[in-house]
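Undergrad: Sequence:
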Amino acid sequence: MLGYHLNNQNLKRNKHSEKNFEVFQLNCNGLKNKVSELKLYLYTKKPDLMCICETWLKDREPTFIGYKAIWQHRVDADRGGLGILIREDVNYQSLQLRHFEDGHLEFQAIQIYSNLGNIDILNIYNPNLNVTFEEFNFYYSQLTERAILIGDFNAHSPLWENRLRSNFTGKSIEKLLETTGMGLLNEYNVATYIDRRTGTSSCLDLCLATYNILIKGVIHRGADLGSDHYPVECRFGTRVEKSDFENRKWNINKINLPQWTEYLEAKDHLIRPTDANTLNNNVCKKITDASIKTIPQSQSQITYKRCTPWWDKECSKAVAHRRNAKNKLSKNPTVLNLIEYKKCTAIAKRKIIQKKRDSWNDFVSSLDSKTPPSRVWNAIKCIDGTRRCKVIPLEMENNSSISKANKFAQHFTRFNIIDKDNPEVTRVENLVNNLNLPSNHKYIPIQMYELLNSLKTAKNSTPGEDNISYALLKKLPVKILQELIYLFNTSLTSSTVPQSWKIGKTIPICKPGKEPSIVSSYRPITLLSCIGKLMEKIICKRLEFQLEKSRVFSSLQTGFRKGRGTMDALSVMRKTISQALDNKQFCLAVYLDLEGAFDSVWHGGIVYKLNKLHSDPALVLWIRDYLRDRKMHVQVGSDYSQIKNLCRGLPQGAALSPLLFNVMLHDLPSSPNVKIVTYADDISIFTVSQSLQMARQTMQTYLNRLNLWLLKWQFLTNADKCSFQIFTKKKIIPMISIQISHRTIHQVTVQRVLGMLFDAPKLTFAPHVDQLKSACSRRINVIRALSSTAWGASRNVLRRVYISFVRSKLEYGCQLYDKLPQKQMNKLNVVQNNALRSILGARKTTPITSLEVEAYIMPLEIRFGYLSLKWYFRLLSSPSGDNEIFAELWMKSFDGSVHAAFLNKKICNLLHLVNISPVKRSATEFISPVDPAINISSLINLEMTEEATFLSKTKMMSTYFSHFTNSHYPNSMEIYTDGSKWDSGSVASALFVPSLNIVTTWLLNPSHSVLGAELHAINQAIELVSVDEILSANNVVIFTDSKSALCLIGNTNNPSYKHITYKIQSNLNKHNGKVKLQWVKGHSGIRGNDIADLAANKGHNNIKSALTSLNYEEIINILNRSFHKYWITSWKNKVNLSCKGTFFSSIFDTPKFRPWLSLKSRRLECTTARLRMGHVGVASHLCRFNLSDSHLCETCNISETIEHYLLDCTRYQQFRVDFERKVHFAGVQFTLRNILGGGDFPSSIQKRLLKALCKYVMDTGRNNEL
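First residue of the sequence shown: 1, per my numbering; consecutive thereafter.
Hint data in this document are derived by calculation from the structure and do not stem from the laboratory.
For each residue, glycine too, the CB sits at the ideal point set by N, CA and C.
Among the clues, some could well be false.
The calculated label-pair distances, taken between Cβ atoms and stated as ranges, are [what the hints assert, rightly or not]:
| # | residue 1 | residue 2 | range |
| --- | --- | --- | --- |
| 1 | N971 | K1152 | 54 to 62 Å |
| 2 | R221 | K1251 | 54 to 62 Å |
| 3 | K819 | N1035 | 54 to 62 Å |
| 4 | P767 | L435 | 30 to 38 Å |
| 5 | C510 | Q482 | 38 to 46 Å |
| 6 | N361 | K844 | 17 to 25 Å |
| 7 | N1264 | N1133 | 30 to 38 Å |
| 8 | L481 | T1000 | 19 to 27 Å |
| 9 | K317 | K58 | 27 to 35 Å |
| 10 | E943 | S1138 | 55 to 63 Å |
| 11 | C510 | K1152 | 41 to 49 Å |
| 12 | M735 | S374 | 51 to 59 Å |
Okay, derived cross-link-like pairs now, DMTMM-like style, lysine to aspartate or glutamate, Cα gap no bigger than 20 Å in a straight line [what the hints assert, rightly or not]:
| # | residue 1 | residue 2 |
| --- | --- | --- |
| 13 | K514 | E61 |
| 14 | K1251 | D1240 |
| 15 | K1070 | E1029 |
| 16 | K505 | D625 |
| 17 | K39 | E314 |
| 18 | K502 | D629 |
| 19 | K1076 | D931 |
Required output: the full structure, derived from the provided sequences and hints.
TA: Put into structure tokens, the structure is as follows:
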């Protein structure tokens, strides 16, 4: 009997302890209701293959942990269907057999590799028809010399049962056994099927095998799994090839950190000087040796977690009773035994279904706002049911892992050829090989802060060959980090990259939706040394700074660049198409696909272009060696391919690869009449003309130039994947032909571009909206699976899932819509409305406006407008210059304001709609103006001693602070800054220079935040140092009580408040360390800080305000407030006009996120939400929608409304007394609005009121019906 105590240890596997090849078979007579028992059976027995017949599946295929499933559904009729479950560590490939003409068999074929050679397995189902010998022999002849035929043959013969009956199929099998080298493995007269109608038994499930396998095989009948067939267990005395997928990893959570650190520091120091290879080997050996002694490693076997936690003793007992009844029926087929068997089968089926349902309900009901997001997403993945198969089923003769790895290696290096006969290639290679450092070049050594910053941003990705992960490196002591710094500087100064950093372990990952049996469906992900990748990150940051500062990249090259994204590229395309349509022109768009873009990048070409761009010679030479003599090998399972030398291609997974790829494409040929938009390897080309033939000629001329450029730099286009579109308002569109590389490109009407569907010829986005609705509707099913009105996750969890999983997909690209027709907008509204009803458990009659406010989810039309303006303000904050996206997208309109051509009217209307005044453009670079090699944070001190914290409460603080400044900043002049914001909205900042007796105040834009005011004061202080002769001649320390401001200034990666922060960083850098910033505790008795604080408060009285630009974050705050006000107005107007949702609007005045509305009980959560929205199961509401015959209260004989139920009904008076007492005890008046949560009370009071309301609902017994 299968035990309910199945645990994780049962699911562990080890290929070395499994000596037999196990093939199981079952006719499940409908898989849906047998999945649970089948899973327990699989996870306990762990066979290599499980062949299934009569699955009856059409879609919604179940998944099995640790198994890859191959399904074959019967599409043209009910029932039938086959499946083969293959263990993930078993190497296999699918076989495509020819079909017998007018044959009856359903079949699947796969091939596995064993120590005997290849073995073919044919899973067969005969749908109770007469199968000829010729059909069996036809399929047998296509198999190899080692083959197994297994399945439900629906055949009778005296060869395998003693009932002395035979049918046509049985005779065909007899002839097959006589004329071929096959034998029957079944034991004589062992029944595998019981007829539930009569109770008679038969042997229908057979296993035929060739004699070279048959002699090594045994067969047993397995335990009942709920079908009318028994499972058949076949074991053969041969081993099949299996793979270990998991390399041994360090269990960092169990590290003995003090001992590990002690071992590391006890090792001898590095021998200096020496070469980079030796240094790297020594460091790696030191870390590995210490880790072996102090950190446990994972086992090199596969461990699977059980997925049947609901199976308990009751399930085991029900299944045991059913099995006993079936065995009794098999031995004594009487009517009474048959009835008992059917009864036990029904009981077991109901018990299993109920346990599954209760377990799922309990699980999702445990999800609340405190649940870790990972647990929620794991639940969503369970619902989705998609898992990545670890076995790679390539179609090839030799099915071993090594053969597969070699095939992948050959495919991934298919571009690894340099055309040495090309004189241009030879010239470039010679120039690259002869590059040397200038004699006057000065190295900028790598500093500790660069290493720490790279470590801080590093994710815990899989390590390379050395098995040293980022998690280990983050725990290294300072002594070892200093050795890493020495290693990095040795590598940089010698222009030598350690050889172990150049060896990549490549893992093939199947692309989503691609056929896994084809090599081209896989993407190579390269695992490299994490130590080497740290060095890459540092080099990448320095190189990126130089290239961006030099404006190397075009504004239309948006991939892999800070501050840029797909929306920039899409918006340029949208603008180009819209202008052509508005001007009644033709817009011709060509979409190019580079074949193996990353894999075909020419190493010499990258170095050549970097040198031409005048990049730092030390970085260029380091990158030259980084790309030279690279090697890779592919891992499949536990086996590796042959090592391949690489002269082309960038490793996908390396930190430098995206930037180097951008360098390779930065000089695409340009043309005055052609616009080229690139995002990574997606190249879109546009041209506009009054004549389509002229546009075609312009495009073809450019494509010819582009083709020459691609050939020069060793790129290839895949013409089969290239396409073009014609956009126009003209009704008649002539046919044209466009070629690339002498091959014709096909024309399409709908093209997917960076996640958006562009439809020609008029760009209506209708296909995109339809696709969006379909995709999001499927995602809403996840929310429905997580909840019901009686059970499920809390509303806050469901809301979070909707926002991140559904709404994020709805929102993508909404900035491109000009104004969607209401018909299209309604399609998207339906998606959100359905989601809101599921989240809140609301009735179908509930008004949409009430749903949106209750869930605090903005209407989609308003949300799209909000995102459009947010994108507009981001562009206002983007860098200035002719080579930037702002200059490309925006132009002066008739009134002199700056707007995009295709969004001119839309943006103006939105700004007017939400009453936002024009905002001054604050052009800001996307990267810090400070060179990454400069440590700006060394000029900032955020700490004071613990003594200062204690003295801040005493009068001795002044004396201590004077001593502190004299010791830390001797001979330095002091400046104190502060910012202030009053509740009235007034904002001011000030600075105080004690030695010069200068106090300056500024009245700022009221839209500035306190943090913005603090940063403004600091910036003014630094600028004062620049212009004042006395201050500029001395060292200066600027004191501020804002730690947040100093943290932003010290962050050069991606700080908020970039506009002012980057100004401060640039100004600080100009003073070469003479100006420093120091944090002080506010209101602690420091005279200078107190005077600055007083001055900032006085600044509110200034008559004139300073002209300052708002930071992007401050503009977004304005946007948030404006749209919130507009939402309130829109909501109230809709309620007044439609007279729908009036009850809810009488309870709540404003949309607001109210986390206290979430309850542990899902049913109570839904009931209370329905009470607030006014659509609940009281008589007046039910009668209104013809759900009840009367609107009267049965007790009071007056209309039963929500108010009557909660406040007046005499039937519940005794419960209401306790309810009212609890409300009054909370200090709240007992009114309908207050008890439903509409009062203006703290959340603690609201929770008490909600708890009292729930108690009243439960006491009255109306929870289920409401």
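Undergrad: Any hints this thing doesn't respect? Which numbers, in order?
TA: Hints 4 and 8 contradicted; others consistent.
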